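We have chain Z; now place chain U onto it with these hints.
Going down the list, the protein sequences come from chains Z and U.
The first sequence begins at 0 in numbering that gives the first Met the number 0 and counts up by one.
The second sequence begins at 0 in numbering that gives the first Met the number 0 and counts up by one.
Please keep in mind that the hints were generated in silico from the structure rather than gathered at the bench.
Same chains, same label: a pair holds when it works inside one copy or across any pair of copies.
Here are the computed lysine-lysine pairs in the BS3-like style, where the Cα-Cα straight-line distance is at most 27 Å:
#, residue 1, residue 2
1, K191, K133
2, K198, K95
3, K95, K133
4, K29, K49
5, K49, K133
6, K49, K39
7, K133, K7
8, K98, K191
9, K39, K7
10, K49, K7
Computed from a predicted structure; not experimentally measured.
Each chain, written out:
Protein chains: 2
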Amino acid sequence: MSISPDTKDRILSTARELFHSRSYADVGIKEICTLARVQKGSFYHFFPSKQDLAMAVIDDMSDDWAHGFVAEAFDEALPPTERLDYMVDAVYYWQKAAKNVEGRMPGCLFGNLALEVSTRDEVIRARLNAVFAKASARFHETLDQAVENGSIPPLDTEATATAMLAYLEGVILLAKTRNDPEVVRILGPGIKTIRIELKPTN
Amino acid sequence: MSISPDTKDRILSTARELFHSRSYADVGIKEICTLARVQKGSFYHFFPSKQDLAMAVIDDMSDDWAHGFVAEAFDEALPPTERLDYMVDAVYYWQKAAKNVEGRMPGCLFGNLALEVSTRDEVIRARLNAVFAKASARFHETLDQAVENGSIPPLDTEATATAMLAYLEGVILLAKTRNDPEVVRILGPGIKTIRIELKPTN
Chain Z
0 MSISPDTKDR
10 ILSTARELFH
20 SRSYADVGIK
30 EICTLARVQK
40 GSFYHFFPSK
50 QDLAMAVIDD
60 MSDDWAHGFV
70 AEAFDEALPP
80 TERLDYMVDA
90 VYYWQKAAKN
100 VEGRMPGCLF
110 GNLALEVSTR
120 DEVIRARLNA
130 VFAKASARFH
140 ETLDQAVENG
150 SIPPLDTEAT
160 ATAMLAYLEG
170 VILLAKTRND
180 PEVVRILGPG
190 IKTIRIELKP
200 TN
Chain U
0 MSISPDTKDR
10 ILSTARELFH
20 SRSYADVGIK
30 EICTLARVQK
40 GSFYHFFPSK
50 QDLAMAVIDD
60 MSDDWAHGFV
70 AEAFDEALPP
80 TERLDYMVDA
90 VYYWQKAAKN
100 VEGRMPGCLF
110 GNLALEVSTR
120 DEVIRARLNA
130 VFAKASARFH
140 ETLDQAVENG
150 SIPPLDTEAT
160 ATAMLAYLEG
170 VILLAKTRND
180 PEVVRILGPG
190 IKTIRIELKP
200 TN
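The shape of chain Z in the complex, shown without the other chains (with noise of 0.2 Å):
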């Protein structure tokens, strides 16, 4: 065991799963030492805290939904509505193949663990919810191209696709505790009719 150059892709990619899982507090370093076959001093050469190693989790995650489903979700050659329904589609099939391997759904990581610390780290819960303004920026863009071209009358962007991304995080959190991913088939095509509207201007 020695520090060679996937040594932090190993216990990066260990983390991920043990903390989507199961949850960030029940995963100490030690497991995911042992499960990722690194020693504690080659852990710690990377990741400092164990905060330190949820923020790049949390990175990580990201990054892989930015370049892979989330981006073709929202590619520009689609039309804005059917991007939503692509959005819908991909959380869907992702949680029911999760469950075929693990027998449970496990979620979404983020939503998991934001509800999970949020009130006791500010460092994580900041990064947390930098990802979720990110999401939101993608489901803003694309409700702004809706409304330019007409196929949704105007409404406020930028609350709506706020709303979109929490019904998104509701309908995941309700399918976990059903342990049952056709809650996000059945309940998903209701993320196109939520809309807030614009506040009067006078």
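Below, chain U alone, put in the same frame as chain Z:
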């Protein structure tokens, strides 16, 4: 320190407060006993395990809700759509008050626990699922009445009820991540716009 009639209540209220403001895993039985001023023996007399305590906390909070602001919000004397406004307002003022006291928005204890423990504790997951089903039933009843009195067009009232509950949980999740109850006030009105259409029968 002895097993007095209020010993169980002290344990329950202490655990409920700590689980809510932090997390389930973050709070140990020892800390609960110290703060509730009970000995471990008394604790285990009432709660053979931490899981038993969690179940009692969920039931306790669920009872308080059912007889407190959920009963007020879903008062049959209110027009159905006003019940939804009342529910959103109640969540907003509750979270705002909690943040004023603790400096941190605690979110919904049920949602917090659901994301933290659902993959690891089947018993707690099932109990939380029952709490959500009960909450969803209140929305369902309300929507059925709203359709009946013509204040909203026909829709899949059962699925929309669950969608509204999901939205509320998702809004609380994002608000907690921003540590800002105003998110609930701004996104709240969106709840009444969510619709899941009836499947065409043919």
